[in-house]
Structures are given as C-alpha cells and as structure tokens.
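Please model the entire structure based on the sequences and the hints provided.
Top to bottom, those sequences are chains A and B.
Residue numbering for the first sequence follows this note's numbering, starting at 1 and increasing by one per position.
Residue numbering for the second sequence follows this note's numbering, starting at 608 and increasing by one per position.
In case anyone wonders, no lab produced these hints; they're calculated from the structure.
Certain hints may be false.
The following label-pair restraints were derived from C-beta to C-beta distances [what the hints assert, rightly or not]:
hint, chain 1, residue 1, chain 2, residue 2, range
1, B, L727, A, A103, 34 to 40 Å
2, A, K61, B, I927, 48 to 54 Å
3, A, S294, B, E846, 55 to 61 Å
4, A, R197, B, N947, 30 to 36 Å
5, A, K473, B, N947, 49 to 55 Å
6, A, G448, B, E907, 41 to 47 Å
7, A, D397, B, P663, 35 to 41 Å
If the Cβ cut is set under 10 Å, some of the chain B residues that face chain A in the computed set are [as the list claims (entries may be wrong)]:
hint, residue
8, K686
9, H732
10, R736
11, K801
12, Q902
13, K903
14, R904
15, Q905
16, D929
17, T930
18, A948
19, N954
20, D955
Note that beta-carbon positions come from the ideal geometry of N, C-alpha and C, so glycine has one too.
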Amino acid sequence: MTTYNDFVIRFANVNGSGSASANGMFAKALFRMGIPVSTRNIFPSNIQGLPTWFEVRVSDKGYLGRREGVDIMVAMNAETFEEDVAAVKPGGFLLFDNTKALALNLKRSDITEIGIPLTDLLLPVFTDIKQRGLFKNITYLGALAALLNIEFDVITGMVSTQYAGKDALIAPNIRALEIGREYARQYLPCPLPFQVRRMDANGDRIMVDGNAAAAIGALYGGATVCAWYPITPSTSVAESFEQYANKLRVDPDCGRRRFAVIQAEDELSAIGIVIGAGWNGARSFTATSGPGISLMSEFLGLAYFAEIPAVVMDIQRAGPSTGMPTRTQQADLLSAAYASHGDTRHVLLFPSTPKECFEFAAQAFDLADRLQTPVLLMSDLELGMNDNLSEPFAWDDTRAYDRGKVLDADDLDRIERFGRYLDVDGDGIGYRTYPGTHPTKGAFFTRGTSRDEYARYTESPEAYVQNMDRLLKKWKTAATLVPKAEIGGSGHRAGILFYGTSALPMQEALDLLTEEGIHLDTLRVRGFPFGAEVYQFIDAHDFVFVVDQNRDAQMKTLLVTEGGLDPATLISVLYFGGLSISADTIQAQVSEYFTEQKLPRLTEVKS
Amino acid sequence: MTFVAKPRVHHPKLPINEIGLTRRDYEGPVSTLCAGCGHDSVSAAIVAACAELSLPPHKFAKISGIGCSSKTPSYFLSKSHGFNSVHGRMPSVATGANLANRELYCIGVSGDGDTASIGLGQFAHIVRRRINMLYIVDNNGTYGLTKGQFSATNDKGSTSKKGSPNLYEPIDLVSMALQIGASFVARSFSGDKKQLVPLIKAGLMHKGFAFIDVISPCVAFNNHQGSTKSYEYVRDHSETVTVSDYFQPHDEITVDYDPGSSEDVKMPDGSTLRLHKLDRDFDVHDRVNALNYVQKRQAEGEVVTGLLYVDPDASDCHEILDTVQRPLNELGEAELCPGNAALHAINDSFR
Ligand SMILES: Cc1ncc(C[n+]2csc(CCOP(=O)(O)OP(=O)(O)O)c2C)c(N)n1
Ligand code: SF4
Ligand SMILES: [Mg+2]
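See the structure below:
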C-alpha cells in the first residue's frame, strides 16, 4: 500500500557540514509541489562538529505540528547512527551511505535499509574533499527525488535560482543530483511506499520563519531604533530587520538610513537604548530570549512606572544559558508578565504563525504607544527559527500608525495646564510630550513613581496610591486593546486553552481525540491581559485543559492569578522536553485525564 | 517632601542673551541637595554655560542615572525634558534619546558610583559609540545618596568619614575616556566656575562624545581631612593645564587670561575654541601625551584639570550609522512604511 504525502522524514547530519541547504531544498521542493510541510531544526549549541537533525513533516491533511516517530531516516552522522536507526518506526526506511557496510548489531528486521555508496559514487567525480562532502548532501537529495517521486525539475529549478550569479556552481550541483537519482533508479526499490504527489493545498501561502516575519513586522510598524545583544534564538530578528531596512528604509534622495541599529554591549544596554528612544518619541525595539529578559527586568519596571513605550521580542528557549539554549519552550511567561521589582505587569502578545509574528510585531508598536508601556511579543524557537507554512503578509496602505496620546506645540498652546499623569479621558492613560516640543510648556521630569499628576516630585502616600490605581485602570484598558482570543467549537463540556506554537499540532490532536470520543471547544489566547472572552470561555465549561510548553504551568498560573480562578477547573497539559509539543502528547494527556476521572466519551454511532 | 516652587523674582540687572533670555530662563526648581554640595555648583555652571551660549532652553534632553548627582537634572533647564533613569544606565538611555532625535542637546549627568562602579561597562561603550552628548560625572569619591560608602574613584588610602581607609586601587575616568577614544576629555572642579563654565560650553558645542570629570565634593560624607576629594585637598593639589574660553566668531570680546601660549580649536559649527596654555606647552590634540601626563601627575598626587584632549573633526554615532538628518522621531508612515506592493515582493521571495 502506498502512502501519499503523509510521512515524517528526518535528516541526521553533523553541524556545519553544509547539509542545511540540501535539506532546505528538499522541504521547499515539496512546498512548491503544493504539499503542506513543516520543518524543524534540532540543533546543538555548537558551531561545528556536533550532531544536528532536520525533520520534515509532510501532511496532506495540513497538520503542521511535530509528530512522534520517523518514517524515513536519512542517517548521515556516524556518531548518532545507532540512535537514529532506533528512531525509525517499524515499517520505516533507513537511508545511509553503505560505502562501509552496516554493522550487524545495528540491523533491524522491521525496517528497510536503503544503502547508497555516496562516498564511492562521488570519489571519481569530485576531486576536492570539501566539495565531495558538500555534494554528498545534494546526492542524497537526488536519490530521494527518485525514491519519493519528487518532481526533478522543481529541484533543478531551485538550484538554478539559488546559485544565480554563481553559475559555475550550477552544473556540479545538478551533476550531483543526477548521480543520486541514477543510482536510485538503477539499484533501489523506486519509488518507496511513501511517496509525494503534486496537490494544491498550499494556495498562496508562504514558507518563512517567524523571526524574519517579526522583523518585517517591525519594519512595517515603523520601528526606527533597534538595539540588541546576540542570543539564540532571537538573533535573526535583529539581523533580518537590518537587512530589510537596508533595502527598504533608506532615503531615496541621499541614500541615508531612516533607522538605527545598535548591537549593544549587553541586554541592559539594549533595553536602555530602546527606552531612551521611546521616551524621545521614536519607535524602538529589542529582540532577546530568557536570559536577556532577566537582565532587562529592572529597566522594564522603570518603563512600566515611568510609562514609556518599548517593544521587546522574546524568542523563548529552554532553560538557562547552559541549559538547552537551542531547544524550544514557552519558558518566560511569568518572568515577562511580571518582570521587575514592585507591582509591575506587562502586556504580552502570543503569535502562533509567521503571519501573526508579522502582524503582532507591527501592532506591538501601536499598543506600546497607545498604552505608553512595554509590550512583549512572546515567540519561541520553534516558531522563530523554523520555516513554517503561513498565510502571506498583507498591509493596508491606508493604515496610519497609532502614536497614542502625544501633544504637539499647538495642542500645548490650546490647553490651560499640562499634567503628564492626569487621567483626562478616564482610561488610565495620560498625555505625553516629546522633548523639545514647546519653548515654555509641556516639559516634565521623568522618574519612577515619586511624583504627582503634574510630574512634580513628591513622596506622598496618597499620590503614590492614586498613581498605582490609575496604572491598574490602564491595565484594564489594555485588556480591551490586545488581540482577542480565537475561539473554536461550542457547547461541549470541556475546553482546551492554548497559545503560541501549541497551536501547530492542535488540529491534529483534536482530530485524534474526536476519534476517541473526546470533543473539546478551543480557545487560543493571543494577548495578555486576558480579555473578557477568556474568562467567559472558562466559565462556560466544566473544566478546561491548559496547554503549556513549560514545567510549571505558567499560563495556568497567569489565569489563576489574574482571573482569581479555581485551579481545580484548569487541567494542565504539559510538555517541556525542548522539542515542540506534538499532537500525540496532547492526545495522550487529555485522554488519560478522561480515563482517570472516568469521564464519558461520546463516540458517534456509525451507521 | 514635596516640590518647592522657586519664587520668580525678576532681576532687572540680569544680562539678556542673544535670544532675549536671562539666566533665570535656564534654571530649574530649587535644589533639595545638601547646602554646599558640589553638585549644585555644577548645575549652576551648566545654567551659566547654556545661557551664555544662547541655546534654546527647551532643546535639551537631560538624562541621568541614580544618585544625588543624578537628581540634579531636575534643578536646571526646567523647560527641557529630563529623565532620572536607572542606576548606572544613563549611557544607554542617552544613546536611545540621541538616536531618536539628533537635534537636541544631550546632557548626561552621572555620579562616580553611577559611572565608575555599576555603570562602568555602559560608560566604556558609550565612549566607543561616540554619542553626540556632554557626559558629566559629579565625582565626589563616595556614594552620597546611600550615605557615604567608598566609590571606585576614591584614592587608595583616602579615609572615610568614620576613619577607615580605602584599600583598593582607584579608577580614573579621565584616563579611561582617553584610552577608549573619547573625542573630548576634560576635568574640572565644581568650585572653579571660571574653568568649568567654558569647559561645559566647549563640551556642548563639541560634535561627538564630550566627557568632563568634575571633582564635586560631598559636604555630608567626603569633605573631611583624610579625603582626597574634599574642597581643601583639591584646591591644594590641583594643577591646571589649559583654560578654555569658548566664544562665537562674531563675538568681539576676548578675555584676558593669564599670559601663556594660546591655541584656537576649530569647532564643528565653525566657531572657535581658544585654549590658553598654562606653565607648559600642553598639546590638546595628543591623546597619548594627555594620558601620560594625567597618569604622571596622578602618581605625584596632583589632579590635572582643564581640557586634556579634543578632536574637532571627530565623527558622531549618527555619522557612523549614516542616518538621515531629520530626527527619526519625526518620520511618519510615508517615510517609514514600505507599503503593500513591496510586501508582495517579500511574500514572493518566500514561495
Ligand atoms: C540597582 C541599584 N543598586 C543600588 C542602588 C542604590 N543606590 C542609589 S544611589 C547609589 C550610589 C550613588 O553614588 P554616586 O553615583 O556616586 O552618586 P552621588 O550620590 O555620590 O552623587 C546607590 C548604590 C540603586 N538605586 N539601584
Ligand atoms: S549627600 Fe553629599 S552628594 Fe548627596 S547631596 Fe549631600 S553633599 Fe551632595
Ligand atoms: Mg558619588
């Protein structure tokens, strides 16, 4: 029986061996054949030499989450060979370089070996050792084309565009592809029972990583100052921003830049620069990960109290710096939500797709300006660093930036008396002025909380309490402005609440659960503070599963703390192993709860 | 404690500057620092310098860290915005403020604790980045606001108020600034208005990063015998290398200072900074020599004051980054947003 467009293939390589481009081409070829794919890099905190894996999920149903089990293993790393062989599902295939025969103890009777003598095949063709190493990757790609029925001209077309301008590289690449294809055709059981065939499931979708998307969002959102300090997995946000800005943000007349990027000396400095620029009326942002959030905490508190707009993109990762810095987690919710000393709370946005990374990044600047406070975009390594299928980006050219409540010189002339922290409109948000606006009016001295509504120094308890209460009122306003939760289904006893990349495997998990007679309504949280719809959803269900990719159920903690909810009604589904959560994991934990609690399942009667 | 409004008595005899303002227009509310604190003299010198330069008093960004010194920006230039930020992090906030609007005069005020201890890293890096600003350290050799602990600029052997000696080597911020590449480096003394006001004027007019280390005694915790940052100690041990008198080209007045050789330093706006050299041929364009000289005199227990180094042709961070002339905070959708057509092309690149 042949399975079309539904399998998981994993490439096991050595970090720095040039496999990334061949593997990327593999995924892109399938994408161009209209087949839904999702890709995952599983890589070590190392530049060269350690093992790295690249996994492609191919799914005609459009499932984008990680699935447990590997159908086809391309095992190119001697060091991990044993565990790679073990990872193949029974009935699966093992593709390897059989220039050296497979050790007897590694043989498995329940999988099919596909040996290609890659080293031997390339030895007579490419004399340069380094070239030979690189072309090995291209050669197995050629073999896979034959084994899986990938349209060959889609791949050769990609080679031509990828090396446009470096034409000398095109011919040897095509040659390497052909060597692989010819060998497979002659000696291997082509095609395998796992195959691809063209379909039209991708529509106008794009394939892009969340970090590039967020960077483009910042560019469209009008960011002019970016200050950052390198940290995986956030680095490519700042690098992409600079790259796109260099192309799209220069003055056409003089060629000079309409933006400034500073690679700061550390994250304290990065956030300080962002806050200084925000104070002075420029849209500014930083990108970081957990350790950076820790360092930025003091400043984030100041920005909260002094009411200064700032945008932080937190691309979350697992553990501390010597934890698993190249693995994904939703690990920073609590440290971001309550970053800093004193009573502080921060606005969080939770994108689930590259398109949302783009949109929320742009929107973050409007929210930060409107609310005069830091806004944190909570992405993660899974979304940020992997190519994900996404709806294309769109921008309404009539859209104006919301710069919030800012008074210009004319406004100041019109008003009797300016008070920076007066709640004129009753929404908890005062009016601000940029430095240098007016010769005599509107200047004020910015400090934390020891000031009254006119920004004059005071340590009066009444003034302090009044100010803190106003900030709470502003927090309530924020709950009405952040993106609303997305709700699916209705009328079931139980619900499932999730956010960020837990959305990727969710449809598949729900389908698996339905087969077991478990039906759940869904709610995808997209912003914090939670809108009323989140509490209404929880209220309307007997119990709600809360999916967290961290050990300590951080989203559940936020819900319980902010909403005063009964923890017993929120059942945690947790995964924190550093890979992204899979549909199987969600299914297993939900199903187990139903079994434990002896809850009824509604299996539809099939006629 | 609440804000005390300063009575606005108009002095008929106060001189009026080129833009029709008096010194009063550059002042701030009354200071809450200890009476006699050196920091208040530095604020007064800033007021005098800005008034004499006839700069618009609302066109400043005043940034500080945390400390008695860092409170002072609320006591001068009240028509300008100020930001009392985070301990040791004034340089980063000033960097952001300057990136957002290059047209404002940026004054950063910090303390020796703020700059030489908790903020030493940020200090080093703002020097490297060449932010166009005047960076003043009110250096009293102590943590005033937390009541008198030693700071890192305190000389070894100097005693605290309670009598215990400082056991560690001092950090000399002037030497550091010279070494890392600051394009304007000076040192002065809060009580020496004649020297300090012209230095502040020159620092404000300098394009690029200007640093002035101002010895500014703390009368509460570091002005006793045994302290090397007391009024008496500094008065007795300072040696002035240069006196600078900044004036605009159309200005006819030349001040008759002590005899000695003099040199004109060209400033970026076309005006000239005249330097009078005292007692030896001090070359303000020789970074290495300045560094040597400061260190040598320091070894001999002397505090060198005056303008030590200036590079009038220095570039600033905006030039390094090649940003547009118009302040970034003034750009709107038309200049910032590439639009939907460009986004289509971006989408296509991901297919
Ligand atoms: C992170 C942090 N640590 C410690 C403090 C406490 N603190 C406030 S001011 C200060 C020292 C200030 O010394 P300096 O910069 O020399 O200023 P001075 O008061 O002497 O003018 C300290 C340690 C603080 N505000 N923040
Ligand atoms: S404690 Fe010292 S530094 Fe602080 S205000 Fe008093 S004299 Fe000035
Ligand atoms: Mg001090």
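Each hint, compared with the structure:
no., hint, result
1, L727(B) x A103(A): 34 to 40 Å, "58 Å, violated"
2, K61(A) x I927(B): 48 to 54 Å, "52 Å, holds"
3, S294(A) x E846(B): 55 to 61 Å, "46 Å, violated"
4, R197(A) x N947(B): 30 to 36 Å, "35 Å, holds"
5, K473(A) x N947(B): 49 to 55 Å, "37 Å, violated"
6, G448(A) x E907(B): 41 to 47 Å, "44 Å, holds"
7, D397(A) x P663(B): 35 to 41 Å, "38 Å, holds"
8, K686, "5 Å, holds"
9, H732, "4 Å, holds"
10, R736, "7 Å, holds"
11, K801, "30 Å, violated"
12, Q902, "26 Å, violated"
13, K903, "31 Å, violated"
14, R904, "31 Å, violated"
15, Q905, "27 Å, violated"
16, D929, "5 Å, holds"
17, T930, "5 Å, holds"
18, A948, "8 Å, holds"
19, N954, "4 Å, holds"
20, D955, "8 Å, holds"
Hints 1, 3, 5, 11, 12, 13, 14 and 15 from the earlier list are contradicted by this structure; the remaining hints agree with it.
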